[in-house]
Every structure is written in structure tokens, then in C-alpha cells.
Amino acid sequence: MNIFLKILFVLLGLFIVLNWGLIMSGIIRKIIARVGMRRGIKVYQPYINLIKNYSLRSQLTHGVMFYLGPVFRLSGGVGIFLFMPLIYGSEYWSNFSFTGDLILIAYFMFFGMLGMALGAGEGGHPYSGIGVARGLAQFTAVEVPFTLAIIALAIQYKTLSISEIVAAQQGGIMHWTLFTNPLATIAAMLSFLGAMGHSPFNVVMAPQENPIGPPTEYHGTFLGVLQTNRAILHVVEAVLYMNLFFGGAGNWGVLILKSFLIYFWAVFVGMVFPRFRVDQSIPWLLKIPLVSGILAIVLLMIK
Amino acid sequence: MSDKQQNQEDKFLAPENRKHTVIGPEGEEIHVDPLNDYFCQDLPKVEAPYKGILEKFLNWARAESLWVLAFGTGCGSIELPPLFSPRFDAYRFGVAMRPTPRQSGVLIISGYLSVKTLKRVIRSYEQMQNPKYVIALGSCTINGGMYWDSYNTINRLDQYLPVDIYIAGYMPRPESILSGFNKLKERIKNGDAEGANDYAEKLDWYKANQKKIIKDWNMPSYNW
Amino acid sequence: MKEIIDHLKKRFPVYEIGEGPNGVILMSVEAAKLVPMLTSLKTNHGYGILVILSAVDWLEDCKFQLTYIINNPDEKRDLGIRVFIKREDAEMESIHSLWEHAATFQREIKEMFGINFPGSPRVDEPFLLEGWDNLPPMRRDFDTKQYSEDTYFPRPGRETNDPAEYMKQKLYPDE
Chain A
75 MNIFLKILFV LLGLFIVLNW GLIMSGIIRK IIARVGMRRG IKVYQPYINL
125 IKNYSLRSQL THGVMFYLGP VFRLSGGVGI FLFMPLIYGS EYWSNFSFTG
175 DLILIAYFMF FGMLGMALGA GEGGHPYSGI GVARGLAQFT AVEVPFTLAI
225 IALAIQYKTL SISEIVAAQQ GGIMHWTLFT NPLATIAAML SFLGAMGHSP
275 FNVVMAPQEN PIGPPTEYHG TFLGVLQTNR AILHVVEAVL YMNLFFGGAG
325 NWGVLILKSF LIYFWAVFVG MVFPRFRVDQ SIPWLLKIPL VSGILAIVLL
375 MIK
Chain B
1150 MSDKQQNQED KFLAPENRKH TVIGPEGEEI HVDPLNDYFC QDLPKVEAPY
1200 KGILEKFLNW ARAESLWVLA FGTGCGSIEL PPLFSPRFDA YRFGVAMRPT
1250 PRQSGVLIIS GYLSVKTLKR VIRSYEQMQN PKYVIALGSC TINGGMYWDS
1300 YNTINRLDQY LPVDIYIAGY MPRPESILSG FNKLKERIKN GDAEGANDYA
1350 EKLDWYKANQ KKIIKDWNMP SYNW
Chain C
41 MKEIIDHLKK RFPVYEIGEG PNGVILMSVE AAKLVPMLTS LKTNHGYGIL
91 VILSAVDWLE DCKFQLTYII NNPDEKRDLG IRVFIKREDA EMESIHSLWE
141 HAATFQREIK EMFGINFPGS PRVDEPFLLE GWDNLPPMRR DFDTKQYSED
191 TYFPRPGRET NDPAEYMKQK LYPDE
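Protein chains in written order, with our numbering: chain A, 75 to 377; chain B, 1150 to 1373; chain C, 41 to 215.
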């Protein structure tokens, strides 16, 4: 396919994902409000916040890394997007996926966090440092069961390409990894709770605990970039889990539905359960998710 | 700045903010002047708004997304948490609380201000970015309220900060605060709420008033 | 209760013994004998808690009154001890060695009344008023209204009414 046509479709896909991410966060906050018997924000409130943040008149910086923090974060989110096949079987919507893209995506998930840590550290606010320390510690614990689940999938399907993993799950709901390898799915879906940063695992950015964690000093355009990244990242990570465990998507409608439901899983748990401290969340992630991830691998090795 | 005034300010400086010398790892001496090295000494500039329909659109966005600094000064701050409860639900007006001054655009002065608190309020206000708005609650901020003859509470907030909206009452109930938010929205949409530019323009006057009552001024002249 | 009072009467120059609100026994003692008396009450009679330490300015008598209220948690009983000291260069012995938190009360009294407590920890640091350079504000010769008018830009047009007179005129204009 023509490379320019490819780039055009990638940009179009990024645009769709960004908008869906913003609308989804609006819908989710509306749902949370209705659960709390409130009317809640307007569904398009994330757009207004974004416009407002990008149009702040005065901004200040604390140094070069302070600039680069949000840029690294955004490149982490966009990086995951670039190598993620969105629609199964579509040449146009498979972005730049290749045979080893799963490894690259797992790397990009941590890349943004590290860049943000550097930038927030240069901001110099003590709460940034506390938030960064908690965030990196917790995300390291999140990565362990997730990586075990990925290894289990790689053993099961004998590939590290997301497209091939999706292809192997086609042909009915019973072929999904959810049913063929439930232990890996449990490990990954529990670590997904930690990756999304909703209630049990939101000590990193909770305003009541440490206002407000890494982005304490970020404002205006910096914050706008972070919010843009957040919208992209939430959709793209949900799409990653959809591709790995829930059979991928054949068209955009299925993608939107499945990514919403997967993301809502994290929100649902967040609405029901109160917040973990970081010394509670890390042991929690290293109990059931870790054990089920190891069991998934062991069972596959025995077979 | 005269020497005497300089000495006066040095007297109140915290020890870590005084000029001092640090011995480096290789024995070299590094002279540190924290007020100059750690803080930005620039003064704020007037940021001219755009013209025409673009500014109208941006003002609409600013009005519909008011981020309030979670900072309470007096007894009125107890009226703010109910705003976000199911009964009053300020979120539907685009109002949200932010815990850091960098990200917030609205500062609510909720009640009487002692001189000690005013110093912190000024620091917080100056760390917010242009455009920023000030809402003052209650009669305490208008003319001193029942603390009008106190030795330690200010009488008129508009001498120290540019106030956009006063909400009368002692204390105003959450309904009237919501109505105040809507008034502030109208003001922003009309392009009248230029408090940050006003502050930058008349900075000398505001600073003179502030330094008149804050006698232990131990911070930079403008807290970026 | 009477035993303690009799005991104190024997050992210390107490006078003006009376009963205050809520059954608190009030008594006065000479300033020099205060610390021995408090020590005795704390160690021998179980008055282990310092509830409050406050001051009153008797401008006309040229005196400051310091009130120490101590509490006996076993008998659930309060004892108030008054001390009068002269107003010029007012100085009082510190009791922070008996109760550590007395240092905070003494710091506040130093700032608000100008009564010095030599040896009390951090007694010279500002407590509420940062950079105050006038008379201590709770002294009665400090004119707080005048100070406020000079300093805080009073808004013109403020009216003050005596509430009783005002309501009388409103409700019963004929009388």
C-alpha cells in the first residue's frame, strides 16, 4: 500500500481514537455522577477543558525536562497507538503493526511513565516526587502480572505479533483467550485495574492524598498534552486488552463497544471499592494476579 | 531598594532563603542567593487578549470550565464542599476543584482574611496563570463584616487583589455561590473579567498596599 | 475538696477563695509562690492536667491577672489559680518544666499581652501575628479600632447601630 495513504489512515485513526477517548471519559464521568445521584458534567466537558488549557495566556517552565515530560508521555501513548492493529483483517486500520509489536508496546507502556517522572521531578514540587515514587512503584507491580500474561500468550500462540494473536482467536466466542486461557486473562485483567488508575489504585494522583501527584506543577498546554495523552492511552490500552483477550474487533462499532466495556471494568471496580494505599496495592498485585499469571505459564509448559 | 529596607526584609527571611555559601564536592565555594537563584524575578506582563470571534470562543471555553483552587480562608470555606455534593452538584456548570494553583483559574476567598492568611493568598494567587478570576464571599471581604475593627483582619479585599465577583451574605449559601458562578460566567463571556491583566497593570499599587500590612515580607516581590 | 484548701491555706499564702461557674474553685496566690504551689498540686494532689493559661489586663489597677486552670482527672475537678503581677515590664516565672504545652500558652500571652516568660521555649517567635511592630494587641491601651482604620482601608459609608436601640425603634416606634 502507498506509504502516504498509510500515514493518512494512521492520522485518521489517531483522530478517531482521540475523540472516542474524550467522549468516553465524558460518558464515564456522567455514569459515575448518576451512580452518586448527581446530574454530572456535560458529556463534551473534556473538550472544553482541553480548549481552555490550550488557550491559557501565560505559562512558565522549570527547565528543559519540564518541557519534555509531557512530550515523552504523549509519545508513549501515541507509540502504543502506532504499533497497535485496530481492526482485524483491515489493511488500512492495522497501523504499523509487525511481528514483534507486543514487546514494543509493553515497552512503550513504561516509557511514558519514565519520561513523566523526569519532567515532574524537574518541577521541583515535593508532591510531584511523592507521586512519581508511588506511581513507578505501583506500575512496576502492575507490569509483573501483565508481562506474565503476555508470556503465557506467546507460549500459547507461539507468536509475539498482536495481529496473529487476534487471528488465532477468530471463529466464535469460545476461541477467545478469555476461554482458552482464563488464568492469563485473570492476571491481565487484574493488572489492568492498576494500569488504568481508577479507584483502588489511584493513590498516585488522588487529590485527597497528595495534590495531585506528578502533574502538580503542570498547567496550560503541558496539562493539555497530558490530557490528550490520557484520552488516547485509555482507548489504546483497552484496545490492546481487547486484541489480546477478547477476540479483537472486526469493525469500528465492535471496537468502540468492546473498548468501552473493558474500560468500564476498571471504572466499575473503582466505583465499588475504596482506595488502596501504595503499600497495600503492591502486595495485592503480587498475590492473586501474580500467582494466576505463573499458573497460566506452568500449565502451558506442562501440556 | 534602600539598604534599610533590604535589611528589614533580610530580618524576616527564613534561614534557607538567606544568602549563604555552599562547599562543593571538590572544595570549591558556591555562593547561593536563593531569592535570585531559585525564584523568578520577572514581573508579570499584560497579556493582550485576541480580537473578535476567536477571543469570544476562548472566553466561552474559559467560562464553561472553571477550575477552583481548593483553598479556604475563613468560615465560608465550609460552604464549598456541599457545592460538589449531590444536592447542589456544581460539576454540571463546569466547576471543578483543583488541588494546585498552577492548574486552577478561580480563587475563592471564603470569608475573613487575617494578615497571615493574606500572605498565603497572595502567594497562591500569583502562582495561578493568566487568565484568573477571584470570587469573594461574604461581607467580611467587602467591608470587614463583623471583624471591621479587628487589629488583624483586612477590611477590603479589592485593595489587595482584583476581585471579579462579590457574593453577599454571611455566609452565602451554596445556592448563592452557584448563582455567583453563573454571574462570573456572564462576566467572562462578555470579556470583562480581565483581573489578571489589571493586576499586572497596577502591580505597584497592589504591592504597596500589600507591603503596607504584611510587614514580614520574606518572599520574592512576585511569586511565580 | 475542703481538705486540699485547708492544706493549701496552711502551706501557701492563698486568699480570695471562692467558687466559679461549673463548680470550679478559684483562689489567688502571690506570684512568687505560684510554681511551688502548682508543683505540689501536681505531684501530691493529682492535678495532672493544665487546662488553660490565660491573662486579663486590669488597666485601672495597673495589673495583669494570669489564670491557671488545672484539672484532676480522677476526681473530675477543676481548680483555678489567679496570680496578679505588675503591669510595667510584666514578667512571670515559666511553668513549662511542669507542663510542656504551657510553652505554647506562654508564647501566645507574650505576643498578645507582652508578658515575658524568661526561659520558656520559643517564647520570642511570632505565634499568630507575623512581623507585628505595635503595642501587643490585647492590651487595653491598644486602640484596635483606630489601628484598623489607619491600616486596613475602611470602606466609607458603613453604619453602625446599637442593636437594642435599633430594634426598639423598628418594633415600637411610638414609645
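Treat the hints with caution; some may be incorrect.
To be verified - Facing chain B, from chain A, some residues (calculated, C-beta under 8 Å): (1) I106; (2) R108; (3) V109; (4) G110; (5) V117; (6) Q133; (7) I161; (8) P281; (9) Y292; (10) T295; (11) G298.
It should be emphasised that the hints constitute simulated quantities derived from the structure, not laboratory data.
Everything numeric in this text was worked out from a predicted model, so none of it was measured.
All residues carry an ideal CB built from backbone N, CA and C; glycine is no exception.
Do the hints match the structure? See the list:
1. Look at I106 of chain A: its Cβ only gets to about 10 Å from chain B, farther than 8 Å, so that hint breaks.
2. Taken as an interface hint, R108 of chain A does not check out: its beta carbon lies about 10 Å from the nearest beta carbon of chain B, beyond 8 Å.
3. The interface hint given for V109 of chain A is violated, since its Cβ lies 10 Å from the closest Cβ of chain B, which is over the 8 Å cut-off.
4. Evaluation of the G110 of chain A hint against chain B yields a held restraint, the C-beta minimum of about 6 Å falling below 8 Å.
5. Because the beta carbon of V117 of chain A sits about 11 Å from the nearest beta carbon in chain B, more than 8 Å, this interface hint is broken.
6. Taking 8 Å as the C-beta contact cut-off toward chain B, the hint placing Q133 of chain A at the interface holds, the least distance being around 6 Å.
7. For the restraint placing I161 of chain A at the interface with chain B, the shortest Cβ-Cβ distance is roughly 33 Å, beyond the 8 Å limit, so the hint is violated.
8. A cut of 8 Å between beta carbons decides the hint on P281 of chain A: the least distance to chain B is about 4 Å, and the hint holds.
9. For Y292 of chain A, the suggested interface contact is upheld, since its CB lies about 7 Å from the closest CB of chain B, less than 8 Å.
10. For T295 of chain A, the suggested interface contact is broken, since its CB lies about 10 Å from the closest CB of chain B, more than 8 Å.
11. The restraint placing G298 of chain A at the interface with chain B is violated, with a minimum CB-CB distance near 11 Å, outside the 8 Å limit.
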